[in-house]
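The lines below spell out each chain.
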Amino acid sequence: MSTVAIPHDIEPHPMTGMYNGKFGLWLFLASEVMLFGALFSTYVLLRVGAPAGTWPAHGSEILDIPKATFNTLVLIGSSVTMVLAWASLKMNDVAKGRLFLLITFLLAGTFLVVKYFEYRDKFHHHEVFVKEPVLVGGKEYMNVSGHLTEDSPALTRAPRRWAFSIPEYVLIVADGKYAAEGHGESGAEAGADHGHPEPIRIEGSNIHRLTDYGPWHSTFLATYFTLTGLHGLHIVGGMVVIFYLLVASPSMWNGRREKLINRVECTGLYWHFVDLVWIFLFPVFYLL
Amino acid sequence: MLAATQYGNYGLWSPPMVSVHGDGVDSLITTLHWFMFLLFVPWAIFFVYCLVRFRRRAGHTASYTLPKAKISKYGEIAVVIFEVILLVGFSVPVWAEYRTRPPVREDRLEIRMVAQQFQWNIHYAGPDGRFGRTSAEFISDVNAIGLDESDPAAADDVQTINDFHLPVGKDIYVRLTSMDVVHSFSIPTMRVKQDVIPGMEIPVWFKIKEDATSENLRAEMTRAYPIGRVRWDRLRHHIATEDYKDRTGQVLLAKGGSLGGTFKAGAELIDKLRQAGVAEISMQPRHPLELVCAQLCGNSHFTMKAQLVTHTPEGFDEWIAEQSKEVTFDEDF
Amino acid sequence: MSEAHAHDLPFWRKYVFSVDHKVIGIQYTITAMLFLFLGFSLVSIMRYQLAYPGRDIPVIGKLLGGSIVGQTETGYVLTGDGYNALGAMHGTIMIFLGVVPLAVGGFGNFVLPLQLGAPDMAFPKLNMASYWSFFAGGVVMLASFFVKGGAANSGWTSYPPLADIATTGQTMWLFGMVLLITSSLLGSINFIVTTVQVRAKGLSFFRFPFFVWAQLVTSFLLLLAFPPLEAAGVLQLMDRLADTSFFLPSGLVVSGEVQTQISGGGSPLLWQHLFWFLAHPEVYVLILPALGIVGEVIANNTRKPLWGYKSLVFATIFLGFMSFIVWAHHMFMTGMGQTLSTFFQATTMIISVPSVIILTCMIISLWGAAIRYTVPMLFALAFLPMFAIGGLTGLPLGLTTSDIQLHDTYYVIGHFHYVVAPGTLFALFAGVYYWFPKATGRKMSDFLGKLHFWPSFIFINGVFLPMFFIGMAGVLRRQFDQTEQLHGAAVQGLTVMASWSAWLLLISQLPFIFNFFWSIFRGQKVGANPWEATTLEWFAPSPPPHGNFATTPVVYCGPYEYSVPGQKSDFCPQNVALEA
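Chains as they are written, first to last, in the numbering used here: chain A, 1 to 288; chain B, 1 to 333; chain C, 1 to 580.
It is possible that some hints are incorrect.
Claimed, not checked - Estimated spans, in silico, between C-beta atoms of each pair: (1) A:Ala30 <-> B:Glu210: 55 to 61 Å; (2) A:Trp26 <-> C:Leu64: 27 to 33 Å; (3) A:Val240 <-> C:Phe517: 39 to 45 Å; (4) A:Pro250 <-> C:Ala550: 36 to 42 Å; (5) C:Leu126 <-> B:Leu51: 55 to 61 Å; (6) A:Thr156 <-> C:Lys125: 56 to 62 Å; (7) A:Gly204 <-> C:Phe321: 55 to 61 Å; (8) B:Pro226 <-> C:Asp446: 46 to 52 Å; (9) B:Arg55 <-> C:Arg522: 42 to 48 Å; (10) C:Lys125 <-> A:His208: 51 to 57 Å.
Quick caveat, the hints were computed from the structure, so don't treat them as lab data.
A virtual CB, placed ideally from N, CA and C, is assigned to each residue, including glycine.
Whole structure, please, built from the sequences with the hints as guidance.
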């Protein structure tokens, strides 16, 4: 080893009451607060400044609340198991400690899997913005959202862009979940159409813009994907560290026990923070 | 050559100043610089004094006990008080007028300006005072602002590119927007600067001093330049006020002509003039006032410039009336 | 305590992938100095275009690549895009790859643990990671010159929509910034924990050398101010790569094409707020370590304690705090109303107070001194009036009304360069000359040092003093050819003078470069404390071994016990109790 012995690597410092790693992690969390704070501020600024009709009145119009609620419980559970892991190690039970670390890892994985299904849904829904109003269920709309039928021509994305090249025509089933927007140049009223099973045909010449519900769809989805995506990356990062702890714990338990317990504690602090970010994200995007 | 001028000329320190609110801006800048100078000079003298008096030499040691320096505390407090005076007494009132008290709608001339990479598109409402509808779908090479010709209000609208005509002595209210990137509407001679941000319409207002018409300014800024000091770089936007001939009587530089379009052409002409024995040439700016873009907007940002032409109010009305009658070319023409 | 088998490490672990703070500090220093030279060279090319617009660039014109230079009938001429690319990269390289890595990464890493009496940083491996992250960021930034479209050319400020739609290496610039920000974050965590937790016994907060305070506050600024820029960078990457519209409003028409592929609804001002929220504290990151260095050199070469130590410390902390609430003074011209502009003008006026206090303390420290005119002292002394000029010229910029005329002109360029160039850079030179003996065990040549100092001082003023006049005359920033405009054409003579001063300034750096490398091998050998200084780093050997101190020092007194009455020598080290 080429590193020298550093004071207070393990014993707490009398003034701060923390060992170096813990202090360092709190500082890191302070910077993370600034990072997510900046992104939440972005959300506020964009929402307040959004042109009428481009921002959903409620997150539930576009986002899947049941899946997200389940995910919230999963993540809170993983925070609990993380604490239990540290507590078990503190009480000298390495087997239990490792078990709880493993459960935390699996719960985090579950979160990501559910997230994958949430994201994937977005790419199967489409929105068509038209030049001349289109009739849906007897009312006129300037944009129609829903699922494309199987008979609808295959879509290709424009070169080096995410928007779709305009096809010859589309066949779209307007979904109640993704309510069609109201008519008119003066802006939208949220349509109350609760699903119209028959596919509507819209000619390519009438299509102004055709997009799925990816981040490019609107600033709401851009913010949603960026924030939840960055949060997801933080979960992945945490999983990598937890995996390392799982693998390294047997050898560290016998040689550098204090160091291992401290590392688990610090990882726990980080994990609680990641959980906390989700506790903010969930109501802000899904419920408000 | 000419009598002392009212507006001065371009050169070191501030450019000529032709707007009404600009006096406030200039007086703050001047006051501030006197203040900075009065702070710096005594400080610098003290500094040099210390460097000389307290240099290490035989028989001289440093003193450990620290001097009591009440003067620095009082000095600091005085500086802070002065800064507050500048803020509250100068900056805030001028800014209030500049940004929060627009001239009333009835009295002002409204002009729309759409900034674009790399030109200023100017939209006048015309004699009827109503702006025609614009929309992106109508934008073309001959219709940069996308004016909807079918709108009756648009019949007498005037649009120009980089040709900015204004009346003196009247409140002018410019509605600024951009169609692509952030630009900045800047008229140095009027102490006006305003960022132009796409997606927003930001108004800016000012009033030009009564006698600051382009003709008057051109006359005022006429200068005689000794031929040895003439450089194309410095006088490329100027025109001669009389003919300059060579020894055979052939005109080298005509009245109203410029030194040429490139550095090479300019250098050749200056050479010819010198060889012809011309001692000095009298020149004036072709367009004394300019509107420039002050925010980096791409590779031709430096060329984004509109010529300002200031008229008497009557002259401006005539110009508008004439422009609004002009035939607009058919795209198939 | 040093580990015995440190000597057994292979070369690449001892000098390349080292976790020793001194090696890392030297790595930062040399890399940063190379980038400083590169950034200066870029602007030297630009200055040719500024002085002689549209003319053939002699000698090197044809060597420069296709994205920067085009061939016209006059010869090899800088293109508009090329000029903008050099400008954007000059700013980026100087700030993020030059000054901050040298001031914080170089000096902070090398000196801080030594001044704290610590064996190394709190997290040596993290320290190494922070250097390599910086290095990777630098490589990405340099590589951006060679991609299609060339380097980023939307200003170091990267304002959208221009930066969003630019078909250049802007994306690489963003990735480079993410790496650089990561490096800063890791470094700042290390510095704070080390300063608080790993300092020697007896070294209480009010016995810290001023350099330590300066670095501590700087680290907090880096830690808390950089993340919003990281967020903004992520958002701009999303705009460029994922077609989002964070910064793109509805209805954009670019080059005649209406943009229907994007959603619109975004705000260009959002970027400006996020960017300047970092970039204002960033300028204090640029100046604080320099103030720290100047404090050390002045105390040492006046042979007396710094005047007003407590004022210095509280002013520095207050400055750090205030730096977070002035950012929108960079945005006065965006259409700001009365309330917001008054708030930011007021905070900007207030923040000038601690700066003045710090400068005043430094100059009063000269009173009653016995000044030694060593090479570090020459640079430290020159810093003071240069920083004063830079600071004073901030006043017209900080008041909205005067800013109307001066915003985005060369006056701004003169203002900030005075603070960073004859300001910070001179302080950094002072630091190099001062701590070189500690790092290498040899002194740099005094003669070459003075040959470096005097021409640099003269020519650097020759470059930047005219800029106040050019800016007052109305000449705008980032202008490929100022003679396109009447007011620019009128003062072209000053621009030519500034360009010649810049080229002469570049040549004036040659004695320094030669001196630096030659002295490593042939400089006069010196012992542990050639400057007869009091702070702890001078009580480790020169150069210090792995682990720094043979026995951990204990501190008994303040950092500047010079010329204490009744003592045998004119300085008392911090780790020695004063004789009764």
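Structure-based check of all given hints:
| no. | hint | result |
| --- | --- | --- |
| 1 | A:Ala30 <-> B:Glu210: 55 to 61 Å | 59 Å, holds |
| 2 | A:Trp26 <-> C:Leu64: 27 to 33 Å | 49 Å, violated |
| 3 | A:Val240 <-> C:Phe517: 39 to 45 Å | 42 Å, holds |
| 4 | A:Pro250 <-> C:Ala550: 36 to 42 Å | 38 Å, holds |
| 5 | C:Leu126 <-> B:Leu51: 55 to 61 Å | 43 Å, violated |
| 6 | A:Thr156 <-> C:Lys125: 56 to 62 Å | 48 Å, violated |
| 7 | A:Gly204 <-> C:Phe321: 55 to 61 Å | 59 Å, holds |
| 8 | B:Pro226 <-> C:Asp446: 46 to 52 Å | 49 Å, holds |
| 9 | B:Arg55 <-> C:Arg522: 42 to 48 Å | 30 Å, violated |
| 10 | C:Lys125 <-> A:His208: 51 to 57 Å | 55 Å, holds |
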